[in-house]
Amino acid sequence: DAGVIQSPRHEVTEMGQEVTLRCKPISGHNSLFWYRQTMMRGLELLIYFNNNVPIDDSGMPEDRFSAKMPNASFSTLKIQPSEPRDSAVYFCASSLQGFQETQYFGPGTRLLVL
Amino acid sequence: AQTVTQSQPEMSVQEAETVTLSCTYDTSENNYYLFWYKQPPSRQMILVIRQEAYKQQNATENRFSVNFQKAAKSFSLKISDSQLGDTAMYFCALLLIRGGKLIFGQGTELSVKP
Numbered sequence: 002d003a004g005v006i007q008s009p010r011h012e013v014t015e016m017g018q019e020v021t022l023r024c025k026p027i028s029g030h031n032s033l034f035w036y037r038q039t040m041m042r043g044l045e046l047l048i049y050f051n052n053n054v055p056i057d058d059s060g061m062p063e064d065r066f067s068a069k070m071p072n073a074s075f076s077t078l079k080i081q082p083s084e085p086r087d088s089a090v091y092f093c094a095s096s097l098q099g100f101q102e103t104q105y106f107g108p109g110t111r112l113l114v115l
Numbered sequence: 453a454q455t456v457t458q459s460q461p462e463m464s465v466q467e468a469e470t471v472t473l474s475c476t477y478d479t480s481e482n483n484y485y486l487f488w489y490k491q492p493p494s495r496q497m498i499l500v501i502r503q504e505a506y507k508q509q510n511a512t513e514n515r516f517s518v519n520f521q522k523a524a525k526s527f528s529l530k531i532s533d534s535q536l537g538d539t540a541m542y543f544c545a546l547l548l549i550r551g552g553k554l555i556f557g558q559g560t561e562l563s564v565k566p
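Read top to bottom, the protein sequences are chains A and B. Our numbering puts the first residue of the first sequence at 2, with every later residue one more than the last. Our numbering puts the first residue of the second sequence at 453, with every later residue one more than the last.
Hints were generated in silico from the structure; no laboratory data involved. Some hints here could point you the wrong way.
Calculated lysine-lysine pairs in the DSSO-like style (CA-CA distance at most 27 Å, straight line) [claimed, not checked]: (1) A:K79 with B:K507; (2) B:K553 with B:K507; (3) B:K507 with B:K530; (4) A:K25 with B:K553.
Looking at chain B on its own, in the form it has when it is part of the complex (with noise of 0.2 Å):
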């Protein structure tokens, strides 16, 4: 079975400082991609940065940027200069492109505080 593990439920940051969230999955298929997405207060779903298993250098949004060690199965966010409007829910999700199934974390809460 597929699974997502965030293991921290919430996190807590000074405005303009740097955090990193955790998220490991755990599958036996090689071909996969790997999503975080962000759910401010508004609960819309926004994609904030996806990367590729079969791709080794680790993918960058402006701020935003990941740490993907896929021997570890692990796959953390660094959110840099940390703003107010990046308070929210942030879901780790696991794509497997064989049988197609998008599997996601239970979040972690970020919170930024002034």
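For reference, chain A alone in the conformation it holds in the complex (with noise of 0.2 Å):
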């Protein structure tokens, strides 16, 4: 199994623009997870999707903040617009159902906003 797979690995963007991160969770998993973590606030969840439906977006900073899941096996994460203070490290993860099955984290996306 190739694990949760996330693209960019890195991305340096600047101020005001859009940033778009994407995230396929393993295969067979019903529950997506989008966390943000920087020095500061530690690890922070943002999103979680079950069976493609967002269930708690109470994580979400604000509406600059978005996130969708077409399908099982593809989310995004975007920003628009982006600020300097949402540089951070944003993971994936993926579990067979919800919070009570174990989660397995993708490599992340380490975000830089200029």
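Dock chain one against chain two, each of which comes alone in its own frame, and use the hints as you go.
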């Protein structure tokens, strides 16, 4: 199994630009999670999907952030417009079903907004 | 509110020795899981070990074992025969079955020295 796949691995962009992060969960996993990691705030859950449906987006910082999961094998996290304070490592994780099953993390996308 | 506390921001150990990382948590729930995740310099989050709260027996995975003290709400990780490849940030995490939230501690940076 290839594990959770994220792209790009690194992204450098200028303030105001749109950023799209991509995630392919482990095949057969029904739940997908987006996390953000910063030195100041540690790991934060942004949103999670169950069977492609967003269940809890209370962690999404503001309207500039949006996430979609059009099918079971693909999800995107979009930031528009991006700001320097969005600089962080963004992780995608998947599990067989919800939080009660172990989450497997992708390698992360390191985002730098200048 | 649920919290996870890792009181040791940094630790170091000599290769081949044993080290214990501490973690305490707070929750009023009775059904939960606890995890230790490892984040090496590559930034990927790797599951190390998982403990179900209803199990009294401490989980073990090769050189990794936990000391789960439910009454004290303590969940420490012991790494035996430390290897250079164990150098990483280690995160303790609490998963609540009801309501579904995965809460991470701030992490402990472990350095294994040759």
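Decide if the proposed pair is consistent with the structure: K79 of chain A and K507 of chain B, CA atoms, cutoff 27 Å inclusive.
-> This hinted pair is violated, its Cα atoms lying about 40 Å apart.
Holds or violated: are the alpha carbons of K553 of chain B and K507 of chain B at most 27 Å from each other?
-> 20 Å, holds
Given pair status - K553 of chain B, K25 of chain A, alpha carbons within 27 Å | Since the Cα atoms of K25 of chain A and K553 of chain B sit roughly 22 Å apart, the hinted pair holds (cutoff 27 Å).
Would the pair K507 of chain B and K530 of chain B pass a check requiring their Cα atoms to be no farther apart than 27 Å?
-> Holds, because 18 Å separates the two Cα atoms, which is no more than 27 Å.
Consistency note: the structure conflicts with earlier hint 1 alone.
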